[in-house]
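4 protein chains.
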Amino acid sequence: MFISEFKIRVRYSETDQMSYVYYGNYAQYYEVGRVEALRSIGTSYKALEDSAIMMPVVQMNTTFKKPARYDDILCIVTKIKKKPDVKMEFFYEIYCNDILINTAETILVFVDKKTMKPCHCPQWFSDLFLEFNLLS
Amino acid sequence: MFISEFKIRVRYSETDQMSYVYYGNYAQYYEVGRVEALRSIGTSYKALEDSAIMMPVVQMNTTFKKPARYDDILCIVTKIKKKPDVKMEFFYEIYCNDILINTAETILVFVDKKTMKPCHCPQWFSDLFLEFNLLS
Amino acid sequence: MFISEFKIRVRYSETDQMSYVYYGNYAQYYEVGRVEALRSIGTSYKALEDSAIMMPVVQMNTTFKKPARYDDILCIVTKIKKKPDVKMEFFYEIYCNDILINTAETILVFVDKKTMKPCHCPQWFSDLFLEFNLLS
Amino acid sequence: MFISEFKIRVRYSETDQMSYVYYGNYAQYYEVGRVEALRSIGTSYKALEDSAIMMPVVQMNTTFKKPARYDDILCIVTKIKKKPDVKMEFFYEIYCNDILINTAETILVFVDKKTMKPCHCPQWFSDLFLEFNLLS
Chain V
1096 MFISEFKIRV
1106 RYSETDQMSY
1116 VYYGNYAQYY
1126 EVGRVEALRS
1136 IGTSYKALED
1146 SAIMMPVVQM
1156 NTTFKKPARY
1166 DDILCIVTKI
1176 KKKPDVKMEF
1186 FYEIYCNDIL
1196 INTAETILVF
1206 VDKKTMKPCH
1216 CPQWFSDLFL
1226 EFNLLS
Chain E
1096 MFISEFKIRV
1106 RYSETDQMSY
1116 VYYGNYAQYY
1126 EVGRVEALRS
1136 IGTSYKALED
1146 SAIMMPVVQM
1156 NTTFKKPARY
1166 DDILCIVTKI
1176 KKKPDVKMEF
1186 FYEIYCNDIL
1196 INTAETILVF
1206 VDKKTMKPCH
1216 CPQWFSDLFL
1226 EFNLLS
Chain L
1096 MFISEFKIRV
1106 RYSETDQMSY
1116 VYYGNYAQYY
1126 EVGRVEALRS
1136 IGTSYKALED
1146 SAIMMPVVQM
1156 NTTFKKPARY
1166 DDILCIVTKI
1176 KKKPDVKMEF
1186 FYEIYCNDIL
1196 INTAETILVF
1206 VDKKTMKPCH
1216 CPQWFSDLFL
1226 EFNLLS
Chain A
1096 MFISEFKIRV
1106 RYSETDQMSY
1116 VYYGNYAQYY
1126 EVGRVEALRS
1136 IGTSYKALED
1146 SAIMMPVVQM
1156 NTTFKKPARY
1166 DDILCIVTKI
1176 KKKPDVKMEF
1186 FYEIYCNDIL
1196 INTAETILVF
1206 VDKKTMKPCH
1216 CPQWFSDLFL
1226 EFNLLS
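Residue numbers (the numbering used here), protein chains in the order written: chain V, 1096 to 1231; chain E, 1096 to 1231; chain L, 1096 to 1231; chain A, 1096 to 1231.
It is worth saying that the hints were derived from the structure and are not from the lab. Virtual Cβ for every residue (Gly too), placed ideally from N, Cα, C. Some clues are possibly wrong.
Unchecked claim - Once the Cα atoms are required to be at most 27 angstroms apart in a straight line, the calculated DSSO-like pairs of lysine-lysine come out as:
{"#": "1", "chain 1": "A", "residue 1": "Lys1212", "chain 2": "E", "residue 2": "Lys1208"}
{"#": "2", "chain 1": "A", "residue 1": "Lys1161", "chain 2": "A", "residue 2": "Lys1178"}
{"#": "3", "chain 1": "L", "residue 1": "Lys1161", "chain 2": "E", "residue 2": "Lys1141"}
{"#": "4", "chain 1": "V", "residue 1": "Lys1212", "chain 2": "L", "residue 2": "Lys1209"}
{"#": "5", "chain 1": "A", "residue 1": "Lys1208", "chain 2": "V", "residue 2": "Lys1161"}
{"#": "6", "chain 1": "V", "residue 1": "Lys1212", "chain 2": "L", "residue 2": "Lys1208"}
{"#": "7", "chain 1": "A", "residue 1": "Lys1209", "chain 2": "E", "residue 2": "Lys1141"}
{"#": "8", "chain 1": "A", "residue 1": "Lys1209", "chain 2": "L", "residue 2": "Lys1209"}
{"#": "9", "chain 1": "L", "residue 1": "Lys1209", "chain 2": "V", "residue 2": "Lys1209"}
{"#": "10", "chain 1": "E", "residue 1": "Lys1161", "chain 2": "V", "residue 2": "Lys1161"}
{"#": "11", "chain 1": "V", "residue 1": "Lys1182", "chain 2": "E", "residue 2": "Lys1160"}
Said to hold, decoys possible - To list a few chain E residues with every Cβ distance to chain V over 12 angstroms, as calculated:
{"#": "12", "residue": "Ile1136"}
{"#": "13", "residue": "Thr1138"}
{"#": "14", "residue": "Gln1154"}
{"#": "15", "residue": "Cys1191"}
Same shape as in the complex, but just chain V (with noise of 0.2 angstroms):
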C-alpha cells in the first residue's frame, strides 16, 4: 500500500452559511490529495494528461464524520492499494487537529484523449508502482 499526506487550510470560499465546508468542496480535497500522491511517486497528472490520457472520476463515496470550519488544517491522507490497469482507486482519510473528519474513496478510469475511449493506463505510469509493496 502507498500512503501519502498533503496538508491543506481551508479558505472562506469553501465554508458555506451553516459555517462547515460545504460538503461538495471535499471533492477538491481529493483531487488535490491523490495529485500530490502521483507527485510524491515521481510523476504528476498533468504529466499524464499531456501524454494524452485523462481520469475522469467514476464512483465516489464519502463518509462526513465531523464538519471543517474556516482556516483549519486539514492533513489528506491518501491510500493507493492496487496497481492501476483500467482503473484506479484512491482511498482518502481526511484528519483536523489529529481527529478523522473524513473518509472517502474514489474510483477513476483512464481515457484515451485521442479516442475519447477507455483505455488501459500507460506502461510508463504503471511501472511507477513497482517499487511499493502493492498486492496486485
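Add chains E, L and A to chain V, keeping to what the hints say.
Below, chains E, L and A alone, put in the same frame as chain V:
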C-alpha cells in the same frame, strides 16, 4: 415514494479542462434537487434553517456514468423513499437529453442549531410527508 | 442599448460563513447574465466556441452594495451598449427584491482557438447586433 | 507599504473548459493573499471574526493579463498601502513563472457582527500596522 424533477443548465464555471462538469460540482446539483423537492411539497430548506434546524450531509455516494458538458440542460430527478426521522435520505438521477448520466444518494441528519446536537426532525416537517405513499 | 434579464436562485453552495453569497461567486452570475443575453438575441456562447472562437475575460470591475443571501431570487440585468469588435463589454445590475445589490462590468476579448491569438469577432456574430439601436 | 507573498498551486477544479483558471476563481486567490498577509503580521482574519468583526468586500477591480493553467504555481503578492480605518484596501499582483498575469484591488469594510452595521476597525488591529512604514 415522492418524486420531484428540476432542470438546470450547466454553467461555464462548472466545467473543467476535460470539458466535462467537474465531478465535485454534482454535489451542488443534488443540493438544488433536494431543495426544490422540499419546495414542491410546500416547505423549503430555508424555512427549516429559519426554525433553527440545519441538515448537514453525512454520506454521499455517487456514480458518474456519462459526462455532462457546458450549456447542457440537466434534469435532476430527486426521490424520497422514507419519511424523515433523525435522518433523511435523498436519491438522485440526473438525465441529459433523456440519457441517465449520474446517480447518487445522500444522507442528511437533523441538527439543532442552538445545541449543535443531532435531533429528530420537527413534527411539522415530518407531517408534510404524510400525504405521500411513503413506506415507513 | 440591448438589455436582457435573467433570474437565478442563490444556492447553498454559493454562500459563505458570513451567510452572504461569497464575493467570488458573482462572476458566475455575470457569466449566466451574458450567456442568456446572447441566447436572447438568437445565438449562444456555446455556438461561438463551437466555431473556434473563445472569449476570455480581461477586465472585471464590481461593486457590492448589499449582500445576497441563500434562496434569494436574483434578477440579473445585462446591458450591451456597443457592437462587439475585437472586444465586447457587458454591464450588469443585480437586483434582489427590486433592490439594486450589485453592479459590474466585464470586458471580454475574442480569441481564435486555433492560433490562440486575439481576433476580431466573427461577422455573423457582429451582425446579430445590427437590429438593436447600438451607438457604434 | 506592507508586502506579503504566498504561493498556491492551481487545482483542477479551478480550471474551465478553456483550460484556463476560471475568471471567478481569482477572487479565492485574493482571499488567500490577504488572509496570509494578515497572518504574516501576527493576526488572522479568523481572529477578527472571532472578535465579532467581519469584513465583506465592497469593491473588486481585476485585470487578467495572461491565463493561469492547471498545476501552475502562482505567487500572490499582496500589498497594503494605508492603515485600515472604516475600510481596508488590498492590492494584488499574481505571478506565474515570474510573469505578471493578474493585478487586482479590493476594498473591504469592517462590520460589527452584533449590530450588522459598518464600524471602525478595532484598535488592536489598527495598531498592528504601526510598525510598518505606512503613509497614512
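Hint by hint, here is what the structure shows:
A C-alpha spacing of about 24 angstroms is found between Lys1212/A and Lys1208/E, which places the hinted pair at or below 27 angstroms, so the restraint holds. For the proposed pair Lys1161/A and Lys1178/A, the alpha carbon gap of about 31 angstroms is over 27 angstroms, so the pair is violated. The suggested pairing of Lys1161/L with Lys1141/E holds, with an alpha-carbon distance near 20 angstroms, which does not exceed 27 angstroms. For a cut-off of 27 angstroms, the pair hint linking Lys1212/V to Lys1209/L stands: about 24 angstroms separates their Cα positions.
With a CA separation close to 26 angstroms, the supplied pair Lys1208/A and Lys1161/V stays within the 27 angstroms bound. Our distance criterion of 27 angstroms between C-alpha atoms is met by Lys1212/V and Lys1208/L, whose separation comes to about 24 angstroms. At most 27 angstroms may separate the alpha-carbon atoms for a hinted pair to count; Lys1209/A and Lys1141/E meet this at roughly 22 angstroms. Restraint check for Lys1209/A and Lys1209/L: not satisfied, since their Cα atoms lie roughly 55 angstroms apart, outside the 27 angstroms limit.
A threshold of 27 angstroms between alpha carbons decides the hint, and for Lys1209/L with Lys1209/V the separation of about 17 angstroms falls inside it, so the pair holds. For the proposed pair Lys1161/E and Lys1161/V, the alpha carbon gap of about 31 angstroms is over 27 angstroms, so the pair is violated. Taking the CA atoms of Lys1182/V and Lys1160/E, the gap is near 14 angstroms; set against the 27 angstroms cutoff, the hint holds. The claim that Ile1136/E is not at the interface with chain V holds, since no C-beta of that chain comes within 12 angstroms of its own (minimum 22 angstroms).
Remark: the non-interface label on Thr1138/E is consistent with the geometry, its nearest Cβ contact in chain V lying 18 angstroms away (cut-off 12 angstroms). Some Cβ of chain V comes within 12 angstroms of the Cβ of Gln1154/E; the nearest lies about 6 angstroms off, and the non-interface call is violated. Its beta-carbon lying about 15 angstroms from the closest one in chain V, Cys1191/E satisfies the requirement of being farther than 12 angstroms from that chain.
In this structure, the earlier hints numbered 2, 8, 10 and 14 are contradicted, and the remaining ones agree with it.
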